[in-house]
Amino acid sequence: KAGVTQTPRYLIKTRGQQVTLSCSPISGHRSVSWYQQTPGQGLQFLFEYFSETQRNKGNFPGRFSGRQFSNSRSEMNVSTLELGDSALYLCASRQVLDTGELFFGEGSRLTVL
Amino acid sequence: QQQVKQSPQSLIVQKGGISIINCAYENTAFDYFPWYQQFPGKGPALLIAIRPDVSEKKEGRFTISFNKSAKQFSLHIMDSQPGDSATYFCAASGNAGNMLTFGGGTRLMVKP
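Chains A and B, in that order, give the protein sequences. First residue of the first sequence? That's 1 in the working numbering, and the numbers climb one at a time after it. First residue of the second sequence? That's 1 in the working numbering, and the numbers climb one at a time after it.
Keep in mind that the hints were calculated from the coordinates and are not lab data. Possibly wrong hints are sitting among the right ones.
[Unchecked claim] Just a few of them, taken from the derived set where beta-carbon distance is under 10 Å, the chain A residues facing chain B: (1) Gln37; (2) Gly42; (3) Glu48; (4) Ser51; (5) Phe60; (6) Phe64; (7) Gly84; (8) Phe104; (9) Gly107; (10) Leu110; (11) Val112.
Quick reminder that beta carbons are idealized off the backbone N, C-alpha and C, glycines included.
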């Protein structure tokens, strides 16, 4: 069974641009979560989607948004990029809500110049 | 504020020794406490998890000890191996894994 797949793996953007990151969950998993990982702030929850609906949202500005498609694939978007948005963005999936185990992808490393 | 404090930030252990990582939390609504292992260039992977109705859970060389009254939990790695060298994160959440709050991480190095 393929794991969580994230694309692109690496990308470089400049301040003010926007970026879209993609996540394909494990087959059969309907919940997709996004986390931001930085050396300073560690791992922080962004949002979780289930059946195309946002279920939970972390404490991030409105520039961070996401969506989920009917095939459970998810995208997250960051608009008006700032230097501080440089991070590893991790996607995680699980089969249903409230069962605990999250399976993480390898992440998309975003560098903002 | 929902926080999970993890210590130490880094740990060096000799092969065969015991690695111990500690975490403390504040939110008494947390009911799920997982530990994740992360290797460079990889995403975190679930090692072991515990719920507050038990005080200890063991899976192979990995053991979680949980102290509900002190709001603390710890990971013990017995017979530590060089392959265990990685960064370890504790986490906590309410509602069985929704919105995990992570500790700051512990970089473990096991010397051969």
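Review point. Broken hints, numbered, in rising order?
Key: 4, 5, 6, 7, 10, 11
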